[in-house]
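*Asks:* Okay, here's what each chain looks like letter by letter:
2 protein chains.
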Amino acid sequence: MPNKHYTVTFQPFALKINADHGEAVLQVARRAGIHINASCGGAGVCGKCRVTVENGDVSGGISEKLSSDDISAGVRQACTALVESDLTVSLPEDYILDGDLLTGESARKHRATPVEFDVQTLQKKGVFLPPVEKFFIELPLPSANDNMSDAGRLSRALAEQYSERGLHIGLSMLRKLRRICREDNFRLTATLSRPVGKKAKTQLVNLQSGNWTDRNYGLAVDIGTTTVYCQLIDLHTGENLGMNGNYNGQLSYGEDVISRIIYAEKPEGLVKMQEIVVATINNGIESILQESRIRREEITCITLAGNTVMTHLFLSLEPHNIRRSPYVPVSTLFPPIRATDLGLQLPDYAIALVFPAVSSYVGGDIVAGVMGAGMHLSDELTLFIDVGTNAEIVIGNREWMVCAACSAGPAFEGGGITHGMRAAPGAIDDFAIHPRTLNPMNRTIDNKPPRGICGSGLLVIIATLLEHGIIDARGKFNRDIHHHRLREGRSGFEFVLAGRDETDVGHDIVLNEVDIGNFIRAKGAIFAGANTLIEEIGLSLEEIDRVILAGGFGSYLDLDAAITVGLLPELPAEKVLYAGNGSLLGCRMSSLSNHIRLDVLKVIQKMTSFELSEVPAFQNHFTASLFLPHTDMQLFPLVAEKISERKIDLEQIKQDD
Amino acid sequence: MPNKHYTVTFQPFALKINADHGEAVLQVARRAGIHINASCGGAGVCGKCRVTVENGDVSGGISEKLSSDDISAGVRQACTALVESDLTVSLPEDYILDGDLLTGESARKHRATPVEFDVQTLQKKGVFLPPVEKFFIELPLPSANDNMSDAGRLSRALAEQYSERGLHIGLSMLRKLRRICREDNFRLTATLSRPVGKKAKTQLVNLQSGNWTDRNYGLAVDIGTTTVYCQLIDLHTGENLGMNGNYNGQLSYGEDVISRIIYAEKPEGLVKMQEIVVATINNGIESILQESRIRREEITCITLAGNTVMTHLFLSLEPHNIRRSPYVPVSTLFPPIRATDLGLQLPDYAIALVFPAVSSYVGGDIVAGVMGAGMHLSDELTLFIDVGTNAEIVIGNREWMVCAACSAGPAFEGGGITHGMRAAPGAIDDFAIHPRTLNPMNRTIDNKPPRGICGSGLLVIIATLLEHGIIDARGKFNRDIHHHRLREGRSGFEFVLAGRDETDVGHDIVLNEVDIGNFIRAKGAIFAGANTLIEEIGLSLEEIDRVILAGGFGSYLDLDAAITVGLLPELPAEKVLYAGNGSLLGCRMSSLSNHIRLDVLKVIQKMTSFELSEVPAFQNHFTASLFLPHTDMQLFPLVAEKISERKIDLEQIKQDD
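Just so you know, the protein sequences line up as chains A and B, in that order. The numbering used here applies: residue 51 is where the first sequence begins, and numbers increase by one. The numbering used here applies: residue 51 is where the second sequence begins, and numbers increase by one.
Accuracy of the hints is not assured; some may be wrong.
Copies of the same chain are indistinguishable here, so a pair counts whether it falls within one copy or spans any two.
[To be verified] Dumping the calculated BS3-like pairs for lysine-lysine here, alpha-carbon to alpha-carbon at most 30 Å:
1. K652 with K248
2. K316 with K226
3. K625 with K174
4. K656 with K226
5. K226 with K249
It should be emphasised that the hints constitute simulated quantities derived from the structure, not laboratory data.
With the hints as extra help, turn the sequences into a complete structure.
*Replies:* Written out as structure tokens, the structure is:
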């Protein structure tokens with residue numbers, strides 16, 4: 051059933067907003083930039099987000115928080131009231147902000163443009179070229195005048211019909227060739243794995259009698275330190291057939307890469323680490339196959355990317371020296387490997403390709419992200435930032451790139467924050483505040499009662515507090531504000547985002563100055579890293595044409611918030627792209643276009659890796675970045691303007707709950 | 051002890067001949083072209099080869115056939131009397147031929163020039179380049195300014211120090227690299243396997259800490275239908291370290307390739323054929339390692355060649371269609387294979403290389419022979435003949451080659467001949483006849499009493515009978531000769547080479563007209579094949595510059611005999627080369643010079659294979675070749691002259707024993 055679209059009219063503004071069938075009214079208001087109190091994250095628990103439906107149908111939106119009089123008067127909880135038709139909704143008077151502020155709020159909801167490629171474009175450009183492809187061939191029958199060998203006959207046909215020359219035919223293929231040729235009168239399907247370098251041959255990896263060209267599937271796998279994502283791809287059509295994320299089984303042996311390395315150094319530790327991550331991937335493959343009803347035998351290739359440590363553990367390469375100065379990995383290049391040789395439960399003809407790394411700290415996941423987002427093909431000077439447990443930065447264009455890992459710490463993944471958490475159900479991932487009542491509008495993932503704050507939520511909360519002057523440039527709360535939500539806690543001043551009764555965790559959810567300090571160091575490290583790298587090559591941040599964001603921010607990052615806090619330089623929203631899981635994007639791209647694999651060695655050779663701690667300028671840049679947004683406000687003129695406009699009027703603050 | 055040289059003077063001719071210490075007097079006489087009766091092949095049994103030692107010392111030469119008077123008069127049996135000093139030996143009067151005849155006999159002992167290459171020449175030409183080579187490297191230690199990966203460090207050093215670029219490092223090598231680097235402070239030995247084609251990379255196949263460059267060995271293996279030869283080669287010095295021949299274990303399943311194919315078509319038959327030949331090779335390797343005291347771990351490569359069927363069986367490729375029209379093999383090209391994957395008892399880093407074939411009937415053994423003998427590098431128009439159970443012919447030069455297999459049958463291997471046998475101890479392999487007494491001088495292999503006639507013996511016997519007019523051009527005995535050695539036997543007329551009491555087999559050894567007919571068809575097929583091939587490309591036999599002989603003739607072929615019977619065209623002796631086991635020669639050459647492997651694809655592409663039965667002219671040529679030497683005597687003017695000169699005088703024939 052195609053999704054129906056309705057119009058929701060918010061009164062008293064007469065603001066008309068498009069809405070999908072079944073969308074929550076709170077969600078629609080949020081898109082409009084309209085503030086509605088919602089402490090509980092849209093879970094229907096706090097009962098604060100009351101609106102009145104004047105016209106049209108909603109479903110839900112009713113709880114014991116509403117009296118029967120309210121209900122008959124059309125009052126509903128905006129968080130759980132779902133749009134069923136065109137609506138007119140009026141907002142309680144005290145929610146209503148003046149027109150100016152409304153516009154400001156609305157303008158802030160900029161999102162980065164998602165990076166996606168579509169198969170038609172690849173096909174048009176002639177770069178749709180899966181690394182493993184099936185070819186159907188009808189061979190001329192052998193005769194006295196044409197009695198070349200079966201292998202020669204096949205090679206000749208592939209060269210003549212498909213320009214596939216210089217084929218490598220291994221022993222296992224030769225052993226079945228005669229039978230396959232004669233099973234269906236010399237009509238057969240040859241599965242070819244394309245070469246990864248110039249000095250390599252196309253390999254014949256499978257033979258089937260008859261025509262099987264439309265049954266050709268590949269897997270893309272991001273081996274994250276925390277989560278392993280698998281994606282199933284139809285190599286014939288380019289279609290995505292399914293996706294699956296599982297915690298990396300290695301998590302039980304340590305959350306970060308260093309503790310994994312330490313475990314791998316124990317006797318049999320490396321073998322165990324390898325087996326565990328392979329088991330995680332095998333589980334992912336199993337689920338995705340069950341869901342998609344694709345047969346395992348039809349998977350011909352798997353492309354994987356991970357950081358350098360994850361890649362070493364996956365391949366059972368000793369990672370010992372990655373954690374010891376001068377931080378030397380065993381290798382940054384990895385050969386194509388038979389998937390079964392790694393323990394992957396795939397057919398013996400499936401080839402595993404692992405993205406190469408740049409260094410111990412800039413891994414194949416970053417290379418995949420850079421290439422998946424097409425940075426290596428663009429003339430524009432691009433800042434690529436992948437934010438995960440650590441952050442990696444790449445600056446450059448098709449000609450050159452510099453890169454570094456930043457010790458940003460895990461704040462953007464909710465780590466090191468009092469009530470931080472991963473981007474999981476119940477995590478506050480968006481936020482607004484009423485400038486007079488200081489009431490928060492928390493949005494949580496899956497509309498569950500709040501359980502904590504995830505990275506993207508943290509970013510918006512801090513940006514909002516800064517804009518309204520509730521915290522200052524050093525991240526300290528304005529002690530002149532006297533409000534029950536602002537209080538002295540165990541770790542200094544804190545802001546109460548949700549009261550204990552509104553949450554799912556039995557305590558208040560707060561953000562304190564220590565949390566803000568950790569966040570500032572994280573964003574400061576990234577900004578300083580980018581600033582240092584670009585200076586190293588004699589340019590400055592102002593010259594950056596665009597930004598590509600990848601990684602753990604969840605699917606949407608609030609761009610204005612990111613600029614407000616000084617994580618990103620001031621750029622127009624359309625110049626910021628969001629690549630999502632860059633590693634997975636690169637793997638998927640590589641599964642559809644062998645050009646990625648052909649270019650990857652050139653790309654990593656262009657990527658100059660810096661160890662920021664070895665660059666003297668970094669420390670100065672870092673210190674200058676430990677302000678919101680930055681010591682040098684000339685870098686952020688629009689932010690400066692916004693802060694002065696939005697600053698709340700202490701006189702008007704009401705303690706309304 | 052260096053070999054001492056003496057002079058033996060034969061009386062009454064005063065003919066002085068150089069002799070080695072310990073050489074039999076009969077052997078020395080034979081080299082002089084002097085005929086001494088010796089029916090028993092030099093085994094000391096017949097007692098006919100009496101000579102008188104006038105001066106100097108011999109050892110042996112005494113048996114119960116000599117009286118004590120004889121012995122004290124200096125009479126000895128020439129076959130077992132060994133030269134111990136300078137000698138004067140007089141011959142019994144009835145042995146003595148007139149001077150003219152003596153010269154003729156002497157002139158006949160032309161041998162083909164052995165083809166050999168020496169390592170110094172390869173080195174001088176810059177083509178000494180073993181396919182697998184060890185390199186010792188001292189890597190610069192990693193530092194903060196130079197912290198590339200271990201694999202990158204190794205690749206860089208190999209490129210800088212040895213110009214080895216674009217190395218392929220497989221997973222198993224990456225897995226041990228970190229440890230090996232650090233075991234001896236980044237001093238290590240890398241074993242590299244060179245690429246076989248342009249579109250291939252040098253492979254890192256082994257790593258050892260420390261310097262092991264001088265311990266690098268290879269094996270060359272000729273997989274013959276009958277015999278498997280293994281040779282051990284020092285890849286560092288090029289030296290031959292040992293050689294070994296064993297019957298192919300598949301012999302129990304059929305003597306020829308067709309019966310082997312039939313067996314391989316049975317359930318599990320192919321697997322069994324593969325296992326058996328691998329076991330034969332493994333036995334060969336085992337013996338050669340024991341004799342040479344080289345450690346198995348030090349063998350890094352093995353190069354093999356065989357005919358197309360033997361190669362298919364060795365690789366477990368279905369040979370079924372090789373014996374069925376239109377005679378299609380599975381493949382003529384074979385990839386490099388890990389030796390252990392074939393069941394060879396070699397280290398897992400040893401790579402097996404198998405010579406490619408041209409067609410079902412011109413196999414890798416022929417390609418190896420052609421390349422081992424350097425035919426593919428020469429401007430001279432060369433006729434290459436490999437005579438084994440079948441015969442293969444190649445004609446051409448560095449620019450082009452045509453080739454074919456001839457259904458010569460096994461006559462040259464002693465097959466299809468009443469008293470034929472392989473070239474084993476007791477086989478008559480050389481022969482002369484006394485023109486008046488018709489007494490034979492049989493030489494046997496290892497001087498054992500005669501057991502039969504091998505290929506090279508058969509050739510000389512028939513040539514000798516022809517020269518003396520004992521048989522005619524059709525191979526029929528001259529019925530006008532009345533002599534006890536010429537008689538009617540079960541299969542028509544026959545010549546008695548050795549009486550029952552002189553042999554080791556309990557019966558007379560004879561050659562009959564059926565045998566001669568078989569021989570004529572064999573030599574005729576080869577000559578007609580060569581003639582047909584050369585005509586196909588618009589040339590004629592007269593334009594051939596040289597001949598290279600390979601294969602089962604034993605180490606020496608009597609060139610004059612080969613020309614006399616019309617097997618070879620009339621060419622000066624120095625234009626005939628003998629390559630011995632061409633297949634083994636090619637494998638050994640390929641083990642020392644990777645250029646062979648690089649060139650082999652180009653060579654087989656130049657080799658146009660003909661199916662002689664499909665060429666109409668062949669039948670005419672064959673019919674014309676069914677004469678000794680040929681219907682067209684203008685092709686053999688010197689032979690014609692010789693026959694008219696040597697023809698025996700029927701009047702003078704004596705029945706002297």
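*Asks:* Hints first: check each against the structure and report whether it holds.
*Replies:* Hint-by-hint comparison with the structure:
Taking CA atoms no more than 30 Å apart as the test, K652 paired with K248 passes in both settings, with 12 Å inside one copy and 20 Å between copies. In the homo-oligomer, the alpha carbons of K316 and K226 lie at most 30 Å apart only across protomers (16 Å), although the nearest pairing inside one protomer, at 43 Å, exceeds that limit. Taking the shortest Cα distances, K625 and K174 sit within 30 Å of each other inside one copy (25 Å), while across copies they are farther apart (64 Å). When the C-alpha separation of K656 and K226 is checked against a cutoff of 30 Å, the pair qualifies only between copies, where the shortest distance is 28 Å, while the shortest distance within a copy is 43 Å.
Taking the shortest Cα distances, K226 and K249 sit within 30 Å of each other both inside one copy (27 Å) and across copies (25 Å).
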